[in-house]
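Construct the entire structure; sequences and hints are all you get.
Protein chains in written order, with UniProt numbering: chain A, 1 to 347; chain B, 1 to 347.
Check before you lean on any hint, since a few could be wrong.
Pairs involving identical chains hold if they fit within one copy or between any two copies, as the list cannot separate such chains.
[Unchecked claim] Below, simulated DSBU-like cross-link-like pairs (lysine-lysine); rule was C-alpha separation at most 30 Å, straight line:
#, residue 1, residue 2
1, Lys238, Lys119
2, Lys298, Lys238
3, Lys119, Lys229
4, Lys119, Lys234
Hints were generated in silico from the structure; no laboratory data involved.
This is what each chain is made of:
Protein chains: 2
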Amino acid sequence: MSDISAYAAKSNNGHMEPHKITRREPGENDVQIEIEYCGVCHSDLHAVKNDWGNSEYPLVPGHEIIGSVSAVGSNVDEFSVGDSVGVGCLVDSCQSCEACDIDLEQHCLNGAVMTYNSKTDDPGGRTYGGYSKRIVVQKDFVLRIPQNLNKAGAAPLLCAGITTYSPLHQYGVKKGMTVGIIGLGGLGHMGIKLASAMGAHTVMITTSQDKAKDAKRLGADDVLISTNKDEMKKWRGKFDFLLNTIPVGHDINPYVVLLKFDSTMCLVGAIEPLESVNGAQLISGRKVVAGSLIGGLKETQEMLDFCGQHNVVSDIEKIDMSDINDAFERMQANDVRYRFVIDMETL
Amino acid sequence: MSDISAYAAKSNNGHMEPHKITRREPGENDVQIEIEYCGVCHSDLHAVKNDWGNSEYPLVPGHEIIGSVSAVGSNVDEFSVGDSVGVGCLVDSCQSCEACDIDLEQHCLNGAVMTYNSKTDDPGGRTYGGYSKRIVVQKDFVLRIPQNLNKAGAAPLLCAGITTYSPLHQYGVKKGMTVGIIGLGGLGHMGIKLASAMGAHTVMITTSQDKAKDAKRLGADDVLISTNKDEMKKWRGKFDFLLNTIPVGHDINPYVVLLKFDSTMCLVGAIEPLESVNGAQLISGRKVVAGSLIGGLKETQEMLDFCGQHNVVSDIEKIDMSDINDAFERMQANDVRYRFVIDMETL
Numbered sequence: 001m002s003d004i005s006a007y008a009a010k011s012n013n014g015h016m017e018p019h020k021i022t023r024r025e026p027g028e029n030d031v032q033i034e035i036e037y038c039g040v041c042h043s044d045l046h047a048v049k050n051d052w053g054n055s056e057y058p059l060v061p062g063h064e065i066i067g068s069v070s071a072v073g074s075n076v077d078e079f080s081v082g083d084s085v086g087v088g089c090l091v092d093s094c095q096s097c098e099a100c101d102i103d104l105e106q107h108c109l110n111g112a113v114m115t116y117n118s119k120t121d122d123p124g125g126r127t128y129g130g131y132s133k134r135i136v137v138q139k140d141f142v143l144r145i146p147q148n149l150n151k152a153g154a155a156p157l158l159c160a161g162i163t164t165y166s167p168l169h170q171y172g173v174k175k176g177m178t179v180g181i182i183g184l185g186g187l188g189h190m191g192i193k194l195a196s197a198m199g200a201h202t203v204m205i206t207t208s209q210d211k212a213k214d215a216k217r218l219g220a221d222d223v224l225i226s227t228n229k230d231e232m233k234k235w236r237g238k239f240d241f242l243l244n245t246i247p248v249g250h251d252i253n254p255y256v257v258l259l260k261f262d263s264t265m266c267l268v269g270a271i272e273p274l275e276s277v278n279g280a281q282l283i284s285g286r287k288v289v290a291g292s293l294i295g296g297l298k299e300t301q302e303m304l305d306f307c308g309q310h311n312v313v314s315d316i317e318k319i320d321m322s323d324i325n326d327a328f329e330r331m332q333a334n335d336v337r338y339r340f341v342i343d344m345e346t347l
Numbered sequence: 001m002s003d004i005s006a007y008a009a010k011s012n013n014g015h016m017e018p019h020k021i022t023r024r025e026p027g028e029n030d031v032q033i034e035i036e037y038c039g040v041c042h043s044d045l046h047a048v049k050n051d052w053g054n055s056e057y058p059l060v061p062g063h064e065i066i067g068s069v070s071a072v073g074s075n076v077d078e079f080s081v082g083d084s085v086g087v088g089c090l091v092d093s094c095q096s097c098e099a100c101d102i103d104l105e106q107h108c109l110n111g112a113v114m115t116y117n118s119k120t121d122d123p124g125g126r127t128y129g130g131y132s133k134r135i136v137v138q139k140d141f142v143l144r145i146p147q148n149l150n151k152a153g154a155a156p157l158l159c160a161g162i163t164t165y166s167p168l169h170q171y172g173v174k175k176g177m178t179v180g181i182i183g184l185g186g187l188g189h190m191g192i193k194l195a196s197a198m199g200a201h202t203v204m205i206t207t208s209q210d211k212a213k214d215a216k217r218l219g220a221d222d223v224l225i226s227t228n229k230d231e232m233k234k235w236r237g238k239f240d241f242l243l244n245t246i247p248v249g250h251d252i253n254p255y256v257v258l259l260k261f262d263s264t265m266c267l268v269g270a271i272e273p274l275e276s277v278n279g280a281q282l283i284s285g286r287k288v289v290a291g292s293l294i295g296g297l298k299e300t301q302e303m304l305d306f307c308g309q310h311n312v313v314s315d316i317e318k319i320d321m322s323d324i325n326d327a328f329e330r331m332q333a334n335d336v337r338y339r340f341v342i343d344m345e346t347l
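Written as structure tokens, this is what we have:
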């Protein structure tokens, strides 16, 4: 669950600087991957800046990793040198608890090992992520990338893709349903593409009129401007499912009223406290507010296969490794459509 | 959907006084019921006091109605004179919308007709409830009461029973699951009895040490005192399902942490705004906060049959009609174990 890395945040000033990290040699169940692309997730920036108070430096972010296999351990029959593979947010779990048993390794009761900034028995004692030339990962946590997908565009599928696919899939989104995607960023733009590919009537719900045109290009059938009270009233009780990608605390009540009776809004972004929730709305309509966190390995592979079938990748801006600090700044200003992906050739 | 009544609240001073209400003669699809018992629900008190601002006087409360059939319309083959029957919170719905089509008449998109204080085409233009000698109800909204159940004890099943049964059933409560019932009142005591009858390991979660003994008597396997921090910590992540019957706005976060990953807390009481909800808790554990409102007719009959099989009725205090104003006062002081039921012989 570790790697060779040349980039790390040496301090918590939010600035990435070169740093040398301990290497793990591939063991018998491991796959060694030459990293070609790595997506830049908001979590990376939070980790680099220690926003969550759990960062240990040196820290190598990156959990949207695409590359090709350069070596496999003696017990690995599943992958061969040259295979296109990916690594997402997880690199290990106990594989024997109640959560792992039902393919929800992200909820491992013994604590999943995250791709970076997570404790491990490897040299260095920590995992180091994908802003790097190479990574060594246990075979069960390596994913196959469909050949037809653009590799750079596929990188964000490993986090933004599965984070949005999992709830859409879990709540049975399909043709005949009206699905709202709240918030148009890295997660939201994947939500539109995936809900649309699943056949749902997909509605982008955003505060920004500017984003309406882009939402349609991404596959939205309709756009609902949430600051327009008349529009919001018109859509009351119309949604079979809402995917809420807003990344900060907010008032969810205006969205809950958009749900049909017996329907669900799932949060994937707001890890902060939400404002007061109207209990009567939930009770009187038998409505549900749920959360969802990435996805397990089985579902992540299913998502990648689905994206292969429907030719879905992320809209990206490819950057050089040396652009990362600028990219972080632009992300903070919400100035990216819709994901930065680092070309690791440039490292 | 109306009745003959002799008691109504003439004003919104929260006091019941005698009043004469217009009668409906049974139509061809109607069942006429001589009311024997009527449970006293908190909603009755809210309606009498116009707490929700929608009361029209004269108002006859009561939607936990048990009686026997005294007449049936010409199209009614389902019921005969002398049958033990019940009427709950609903007396009509459109029976043709998306909600009615899936037996969720309580969410009728054209507006269900509630048993009292609801608009209707009948003489008087309003429905009048069960604090009365007789009621006339469309046959599809009349329920069969299993013969083995105590009639007075069965009355609260029509609201408190279905309100708790529906979410327990909907979320698949069964043997092998650990289920918490939060709050021990009219709803909570039914929650314990029903979850226990479904075979779950049932835990009463209450602020009150006084209620612990009673909870065990009602069928709880364990009692968790929610003001005890060590106890609350011990039960973290242990519950497969939580039924939250607290009737006022409160902080749900301490309860959400008690849930296992991928599990649900369902609200049935708190129609007021809830305090800030921790989005991270929902997301990181793929947890769900849901609401549930009574149940449809099909599920209500299923609940009554289940109670018949398991001999489950409510713990009640039988009162005379003339005691109703005292009973309201005691309810407000939370001084009832666990439901008042009016003996309509005394009217």
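**Study point:** Which numbered hints fail
**Key:** Checked against the structure, no hint fails, so every one of them is satisfied.
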